[in-house]
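Undergrad: Sequence:
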Amino acid sequence: MVKVYKCHNFKSQSVVPVDGEPVAVFSSKQRVFVATQQCVIEVFVLDEQDPSGSKYTKSNSFSTEAPIEQLLYNEAGGYVSTIECKVSRRQTFYSVKIYLNWNVCTEDNRPIAHVRLAGGNQSVKRSSMESDWMDVIDIPCRQNVSSISTCSKTGNLAIASEEVIFLYHLVEKTVPNSNNTFLDVVLFLQLDWSFSVNQVTLCENFVGVLSEKEIQVARILYSDKSFGRLVDEDETCRTFRSVSTETFRIANKRTSSSIIYPSFLNDRDPSIVGQFSNVGSRSSSTPSPALSNSSVTRSATDSYSCILDDENFVQWKFEENELPRNELSGIKRRDMFCDSKTVHLKGLQDLLSRDLLLADPPKIKDLRASLSGGGHMTFGEVKVETVLYKRVDGGWGHIQLVPTYLAKNERFGLGDRTGTIPVHSSSFSNLVGMSVLVSGDTTGFLYSLWPHSSLLTEYKYTMPAKQIWAEGELIYILTENGLEIYTCRASAAAVFSMEDYASPVKVFPSVRRDICLCGIHPFIGPKKLTVSENHVILLAMVDSGGRQDDNLWSLYALQKYSHGELYKEMIAFGSRYQRKNPDTYLSLLEEGHMILRSATVTGVTGDCSSSLNPDLLLESAALLGEFYSMPRNMQWYLCLPYYLMSGLSLFEIVRQALQYKQHTKSTSAYCYGQGFLYYLNYVLFQDEEPFQLKEEEGDMVLEVCAEAMPDKLSRIILFSRLQTYTQEKTLNLLKHALQQKYKPDEAKSGTDMLALSLLHLKSCDPESARLALAAVSQMELRQFCVDHHQLLHEDFQQLSPLSQLMRRHCPEVLIQCLIALHDIGTIPLDLAIKLLQVPCGYDEIYQNAHLKEYLELLIDDEQRKYVFEDAVVLLCEIYIKCLLKWRPPGASLPVTLASSAICHLPKGDGHFGQRYVWLDHIPPLQGSKSIRQPCQYTITTNPTSARRSGDTPCTLVKANVSCSCFRCREVLLKLQSILCSPFTTLTLVEKVVTLLEEGIQGYDSLWVLCMLKKDPDRATEIMMEKYPALLTDYSVSIMQRDFVKWRGFLDMLMEKLQLQTEKPDHREPMYLEGVKGVFSWLADVMEPPDFLNLLPGKGNVMFFLPFIGTCYKKQQSRKLLSNIVTKGEHLKKIAS
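For the sequence shown, this note's numbering begins at 3 and goes up steadily by one.
Take the hints with a grain of salt, since some may be wrong.
[Claimed, not checked] Cross-link-like lysine-lysine pairs, in silico, DSS-like; alpha carbons within 30 Å at most:
no., residue 1, residue 2
1, Lys-155, Lys-175
2, Lys-1078, Lys-1116
3, Lys-5, Lys-582
4, Lys-57, Lys-468
5, Lys-155, Lys-31
6, Lys-530, Lys-57
7, Lys-663, Lys-582
8, Lys-714, Lys-667
9, Lys-1078, Lys-1047
10, Lys-57, Lys-13
11, Lys-1016, Lys-1058
12, Lys-887, Lys-993
13, Lys-764, Lys-836
14, Lys-530, Lys-155
15, Lys-1100, Lys-1047
16, Lys-31, Lys-529
17, Lys-462, Lys-392
18, Lys-993, Lys-867
Simulated from the structure, these hints should not be mistaken for lab results.
Keep in mind it's a predicted model, so treat the numbers as computed, not measured.
The task is simple: from the sequences and hints, build the whole structure.
TA: Listed below in structure tokens is the structure:
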């Protein structure tokens, strides 16, 4: 369907006078070439000084040998090419002429034309009298020439003669026996088609041909022998590339190659071929009857690869990541395709593209190295792949390739890597899309050929087309009544294919939307049409009614609007129908947006004198976002990506919504569209920096949020990027929203109460904030703070007011949150210490109970052992400072009832180890029972008796007592537990030793524990000297079953016992009991041979005999137990 909108105009118009009757016309960037019946080509140049911008003046002219049937000018080669025809009585002679230095011909200078055959040597020498000549290359043709075409990038020339296409390449040659060079065209490729070619079009490595009923487009592919593979632009040029503008970034996705390894490379590497599936690559030996007459089954040489027939083999391919490229965008596209699993059967896909199977690929003659090719030496073999084939019963009349290039060369050129390929230009690496326009008299079709093959649009003309010219954004149709201008989707389709639109924040207008007939310009007697970068050149004739020579010919130069100006014209036209016909407004908005997006990527602005204003693209995105933000819009999800692309701030978009509400005089919250709410929800909770807004701007945003989505107001206050607003207004908004949301006696959610607490804090009302915070469960509060860590700190510099409130009233929740954030890597150890230290300094760090609790909880898990080294050293330093500063509670110190409660050491699998039993008996500890008893420093009155007497329970402080309860010795016990851990390192021990001071409580136990790591013998010696009564427990816990350690320990113990025999003191009974206890334990756990080896050589046999007997009895008991268990297992197996 074609929509008609009269929104296209030309900037200016001028008439160019022409001498004689024109037969052909062609325009370039700044020139217009007009061929007349007098065998003259007149050249007109654009007058850049003229203010109208469309005035052409005649610059020169030159003569041709014969009348011209077709005229072309090639920008890359700078040559003029013509089809010239001589008619005699007996036959007609066709030739193609190449005019190289045509610009030497002026009104004052008519040089001699030097005509030479293409592909020959420069054998004619210039006369000394001739300073210059016009160099003409003649390409004689044996048969009729129907069409010629040139590639504006490579300079190649294609000649269509009957069923053959000849491809010529412009090269530089050297004159034999001389250093002089000259230009020549050499034939390098011949394509033989299965039908007579009426028209040909050429661009890069794409060739399109047309006959009365058939059109076919092929791609020329070269193989690089030095790389041993096919040179395909999908692999060599389509590396990851990007195009950046001020407003958006389009990343070109790498396209998978659709080329199968060529069958003509006989020396191909089988490992490379194995990477491709051969299923469906050629027809089976028992093909389908429907395809038995096609060219696919005629010859095995037409196949791309050879496989073995296997009627039972089917390849299944499931793809979840590859999304089809269609017009769907954003959420709708993602929801429809993200979970799809498609079975790809290549045979079925080939049946769907039946036209390609029925096409006969052209036969190739590679003439680069032959004599007819002029010795044009390049490497690699060549093949041709059909990319489009259509056959109709009516008639085709026009074919044109439409390429799309990037604006800048941001990728390496193909020639830099693979050498010279005659069908690739230096801009080939910037090619991002190739389309083709094929047309009949009244209907045209635009197909995308690369990177994806599909039908883009269909055109219906108001009258039969006489001539057609396609650009990336517009198509010009010349009819009997004048000029019709339609929108074109070639560039838009190429830009669309460069990015994956599965994300909800990426969008591109549908390239399959109905095209627009945007301009109809009447002319009298239009005959020919040609289009340059900035002008449309139209040749018209006014019939005089008399002789043909009296007809009036006019050449109209119509200056085009730039893309930015065309966009403005479309928006101005569509705005008139914005209220009455929104679809018209949307159509023109999207057309204008596609034109601007394409111009931004390709750099083609429609006006070589100026560049595209980037603000126009932002404006178009903003208008589209505004359209989709309106209420009752079915495609509301497109509002978000367009608003993000527009560059508008949150406040500007909210202000637009308020203006719309005021304009419609609506008082309902439903005046805000779903797309607008979707945008707000996305940007407010985006994981980025907070918005930089003024307070009044933030108030306006919150008022709209409170009206449009009151259920999310609390989350916006707590978790959003909106941080600047007036506290009083926001508190009133929240209270009003809660009154509307809850009944008077209904419990409020944790989110609402936490937001209320936060606002009270910011309003300097800590008591109300505490009451609101108390209504939030600890589990819910912990989850909120972990999921949204910004609630706990102010830019990671200090604790937030909410954290300070939690630190005072629920510190355990705050500590648990910091631990959880440490585990996920959000707040590491050093940052948590920094937050918890403020405002106290490092010297008073031992008084920071919350920091100490954080470190204790942190090291109480083996999974965090990567921080043990740093955390434990700091924690031990805090413990030692606490021990040094510890004083018994006095009457002036506050004592709580909880101070006498019995607590426990951490029981995790972290750095807190199991304390040795003998540590309970080293002062200041007085045994394990003393640790579990109530504090001896305090006496608490009985609450029951206090109530009876009318008094209140109280705690009294006693003096001149010694207490070893857990509360009084908690720090010592925890430090001992850390030093008993298997994770204890020598570095930690050395640090503790340097911090220990004489007189510190528990000095002996801490010093012994440190020596066990540094010097175990020294630790044992101290224990024997000071605490001989603990030798049994000490030796068993330290030596365990280590035979070598036991040997050394027993030697030291027997030596001490020997000294006691010589000089006895009060410790002699303790040593003797220690010896008995040690040998008693060894007799229970060791085997008799090991036990006997540990006995001292000079010992008393009668003293050790009971222990020896016990050892053997224990051995027999263990053997008996083992036999019983073995027989029981055997009987159990027999019974089962």
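Undergrad: Would you mind marking each hint as holding or not holding in the structure?
TA: Hints and how they fare:
no. : hint                : verdict
1   : Lys-155 - Lys-175   : holds (20 Å)
2   : Lys-1078 - Lys-1116 : holds (17 Å)
3   : Lys-5 - Lys-582     : holds (16 Å)
4   : Lys-57 - Lys-468    : holds (26 Å)
5   : Lys-155 - Lys-31    : holds (14 Å)
6   : Lys-530 - Lys-57    : holds (19 Å)
7   : Lys-663 - Lys-582   : holds (18 Å)
8   : Lys-714 - Lys-667   : holds (25 Å)
9   : Lys-1078 - Lys-1047 : holds (18 Å)
10  : Lys-57 - Lys-13     : holds (12 Å)
11  : Lys-1016 - Lys-1058 : holds (23 Å)
12  : Lys-887 - Lys-993   : holds (19 Å)
13  : Lys-764 - Lys-836   : holds (23 Å)
14  : Lys-530 - Lys-155   : holds (24 Å)
15  : Lys-1100 - Lys-1047 : holds (20 Å)
16  : Lys-31 - Lys-529    : holds (21 Å)
17  : Lys-462 - Lys-392   : holds (18 Å)
18  : Lys-993 - Lys-867   : holds (18 Å)
This entry satisfies every hint, going by the numbered hints stated previously.
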